[in-house]
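Novice: Take a look at the letters that make up each chain.
Number of protein chains: 2
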Amino acid sequence: MDSFSYEPHPFNLSEYLKCKKAYVENGLSMVLKGFPQNSRITDAATYALMSGGKRLRPILCIAAAEAVSTDDSAMDGVLWAACALEMIHTYSLIHDDLPAMDNDELRRGKPTCHVAFDEATAILAGDALLTMAFEVLSAAANKQRKNPVRWLRIMELIARASGVHGMVEGQMRDIGSEGESISLESLKKMHRLKTGALIEASVCSGAIIAGGKRSLLDHLRTYAINIGLAFQVVDDILNVEGDPVRLGKSVGTDKLRNKNTYPSLLGLSESKIFAKKLVEIALQALDVFDNRSDPLRAIARYVIDRKK
Amino acid sequence: MDSFSYEPHPFNLSEYLKCKKAYVENGLSMVLKGFPQNSRITDAATYALMSGGKRLRPILCIAAAEAVSTDDSAMDGVLWAACALEMIHTYSLIHDDLPAMDNDELRRGKPTCHVAFDEATAILAGDALLTMAFEVLSAAANKQRKNPVRWLRIMELIARASGVHGMVEGQMRDIGSEGESISLESLKKMHRLKTGALIEASVCSGAIIAGGKRSLLDHLRTYAINIGLAFQVVDDILNVEGDPVRLGKSVGTDKLRNKNTYPSLLGLSESKIFAKKLVEIALQALDVFDNRSDPLRAIARYVIDRKK
Numbered sequence: 000m001d002s003f004s005y006e007p008h009p010f011n012l013s014e015y016l017k018c019k020k021a022y023v024e025n026g027l028s029m030v031l032k033g034f035p036q037n038s039r040i041t042d043a044a045t046y047a048l049m050s051g052g053k054r055l056r057p058i059l060c061i062a063a064a065e066a067v068s069t070d071d072s073a074m075d076g077v078l079w080a081a082c083a084l085e086m087i088h089t090y091s092l093i094h095d096d097l098p099a100m101d102n103d104e105l106r107r108g109k110p111t112c113h114v115a116f117d118e119a120t121a122i123l124a125g126d127a128l129l130t131m132a133f134e135v136l137s138a139a140a141n142k143q144r145k146n147p148v149r150w151l152r153i154m155e156l157i158a159r160a161s162g163v164h165g166m167v168e169g170q171m172r173d174i175g176s177e178g179e180s181i182s183l184e185s186l187k188k189m190h191r192l193k194t195g196a197l198i199e200a201s202v203c204s205g206a207i208i209a210g211g212k213r214s215l216l217d218h219l220r221t222y223a224i225n226i227g228l229a230f231q232v233v234d235d236i237l238n239v240e241g242d243p244v245r246l247g248k249s250v251g252t253d254k255l256r257n258k259n260t261y262p263s264l265l266g267l268s269e270s271k272i273f274a275k276k277l278v279e280i281a282l283q284a285l286d287v288f289d290n291r292s293d294p295l296r297a298i299a300r301y302v303i304d305r306k307k
Numbered sequence: 000m001d002s003f004s005y006e007p008h009p010f011n012l013s014e015y016l017k018c019k020k021a022y023v024e025n026g027l028s029m030v031l032k033g034f035p036q037n038s039r040i041t042d043a044a045t046y047a048l049m050s051g052g053k054r055l056r057p058i059l060c061i062a063a064a065e066a067v068s069t070d071d072s073a074m075d076g077v078l079w080a081a082c083a084l085e086m087i088h089t090y091s092l093i094h095d096d097l098p099a100m101d102n103d104e105l106r107r108g109k110p111t112c113h114v115a116f117d118e119a120t121a122i123l124a125g126d127a128l129l130t131m132a133f134e135v136l137s138a139a140a141n142k143q144r145k146n147p148v149r150w151l152r153i154m155e156l157i158a159r160a161s162g163v164h165g166m167v168e169g170q171m172r173d174i175g176s177e178g179e180s181i182s183l184e185s186l187k188k189m190h191r192l193k194t195g196a197l198i199e200a201s202v203c204s205g206a207i208i209a210g211g212k213r214s215l216l217d218h219l220r221t222y223a224i225n226i227g228l229a230f231q232v233v234d235d236i237l238n239v240e241g242d243p244v245r246l247g248k249s250v251g252t253d254k255l256r257n258k259n260t261y262p263s264l265l266g267l268s269e270s271k272i273f274a275k276k277l278v279e280i281a282l283q284a285l286d287v288f289d290n291r292s293d294p295l296r297a298i299a300r301y302v303i304d305r306k307k
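Heads up: the sequence lines are chains B and W, in that order.
Under numbering that gives the first Met the number 0, the first residue of the first sequence is numbered 0, with each subsequent residue one higher.
Under numbering that gives the first Met the number 0, the first residue of the second sequence is numbered 0, with each subsequent residue one higher.
Some chain W residues near chain B, calculated using beta-carbon distances under 8 Å:
id	residue
1	I40
2	E155
3	G162
Examples of chain B residues toward chain W, derived with CB under 7 Å:
id	residue
4	I122
5	L123
6	E134
7	N141
8	P147
9	M154
10	R159
11	G162
For the record, the hints were derived by calculation from the structure and aren't laboratory data.
For every residue, glycine included, the Cβ atom is placed at its ideal position computed from N, Cα and C.
Start from the sequences, fold in the hints, and give me the full structure.
Specialist: The following block contains the structure:
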């Protein structure tokens with residue numbers, strides 16, 4: 000067999016994630032260049048936005064776009080949708096960490112935004128990132144000058160997932176349920192709103208901008224809802240039995256805070272079975288797709304196999 | 000002269016404002032009906048959004064639309080742009096009042112949102128209103144199914160005016176300049192960002208949705224920038240010599256707080272001359288318009304004649 004013969008390579012997720020993360024972070028840097036110079040808001044927004052993170056939402060947005068794309072020329076726009084999603088995610092972390100909310104002083108091993116700056120600046124930096132997300136989306140649409148209806152569709156979808164029909168309501172319920180026992184159904188609903196809705200919007204908006212057929216969207220939505228929930232279940236499991244060094248944060252904190260979690264409601268081993276089941280449903284939803292959806296498949300498996 | 004002869008009626012501003020205010024508030028009620036039931040966020044957002052106010056931004060949006068409209072069928076959409084602007088204005092008031100910012104306990108004679116609810120709820124209610132503004136805009140665009148490009152243009156314009164290129168940066172500078180003396184130029188720039196940008200966006204977005212010609216937009220922009228600044232100058236003047244009963248708030252507070260104001264930098268009588276000059280420039284900018292811009296003219300005069 001000569002050395003030029005074709006050997007199919009198995010899909011390499013860690014390479015894929017690394018490459019897309021760099022792509023997204025480059026996009027975010029370009030967005031930040033549009034912020035005013037010599038501004039405390041710019042400093043705080045940059046600090047929060049560029050302090051690492053998995054970039055899960057923007058990568059899902061791009062992977063979904065690649066899975067359905069019928070229109071290579073629309074792929075440029077996908078990056079801006081991906082950046083907007085990461086900016087919304089970052090704003091939500093800044094506000095959730097505030098003293099009046101979760102009062103967290105560390106995130107990813109670094110002081111949270113209100114600790115590194117101050118509360119007023121953190122509130123405003125969050126407001127700025129949320130607003131800039133919609134500026135980035137509309138500016139990308141206006142610059143692209145085609146498919147305006149696709150952009151308007153994803154803007155409604157993203158706004159809906161981020162506000163009272165999604166993330167903001169989820170955070171309100173999360174705060175409200177602290178110290179109270181809630182049912183498994185309420186816990187699932189709370190996570191569906193708090194994190195699931197934006198993950199769903201990430202997958203769907205990538206697919207819409209890339210010109211994916213409407214018939215494929217329902218499958219992608221099922222995929223997203225299930226990996227979103229699985230992600231949360233695994234987060235709770237890692238808080239029980241994860242390695243604090245690999246995680247970069249303390250474990251056992253949920254129990255100390257008396258938080259409602261899947262392990263506390265279902266037990267640890269049932270929680271693992273539940274997470275696995277969710278990922279199986281997500282993978283089944285991708286059966287109608289060709290191998291361009293391999294990244295989405297690999298991300299689904301990663302969600303339960305991850306150690307951090 | 001028989002009683003049926005034609006007598007031109009002078010334009011009645013107070014009737015106009017009353018009528019448009021009711022129209023906007025009806026629109027806002029309809030938006031709030033789309034919020035989830037039994038939600039603390041909905042309660043807090045409703046409390047803040049429906050607690051009065053002049054509704055200046057949405058009324059300017061509608062008046063600008065009426066001044067340029069070439070397309071009656073687009074006027075429906077103007078209401079939703081107007082509502083989105085009022086929601087953004089309200090979110091900014093909720094966040095500005097927070098203890099970490101201006102720490103105000105009363106607004107329009109009622110407890111501020113974080114006093115009536117709590118800090119976490121107020122932060123989230125602000126976030127929800129800001130997000131909902133973009134949901135309302137994109138949903139209106141998607142429902143109207145025409146002129147998507149107009150909608151995308153105003154979304155970029157409104158986002159830009161609300162974030163780091165406008166309101167958020169203005170609020171950051173306002174907080175940063177507390178207790179420090181700043182120049183007249185810095186004070187003007189700060190107000191241009193903090194309040195002027197959204198007033199400009201209000202006027203321009205109404206005109207754009209109504210299908211106004213691009214050549215008219217520059218005139219409307221000049222109008223808006225000048226009445227926006229005049230409004231702020233008069234606010235400062237009223238804080239010196241206004242009637243606390245009519246104003247519904249204390250006077251003399253700026254001096255007590257050592258705030259940079261036009262009277263403190265220019266003196267009271269120079270400030271009055273300055274406000275009048277600004278309104279004259281605003282009125283001149285309307286010279287190219289016909290009598291459909293009478294409401295805009297009357298609003299400009301009202302800005303300096305108002306007693307509250």
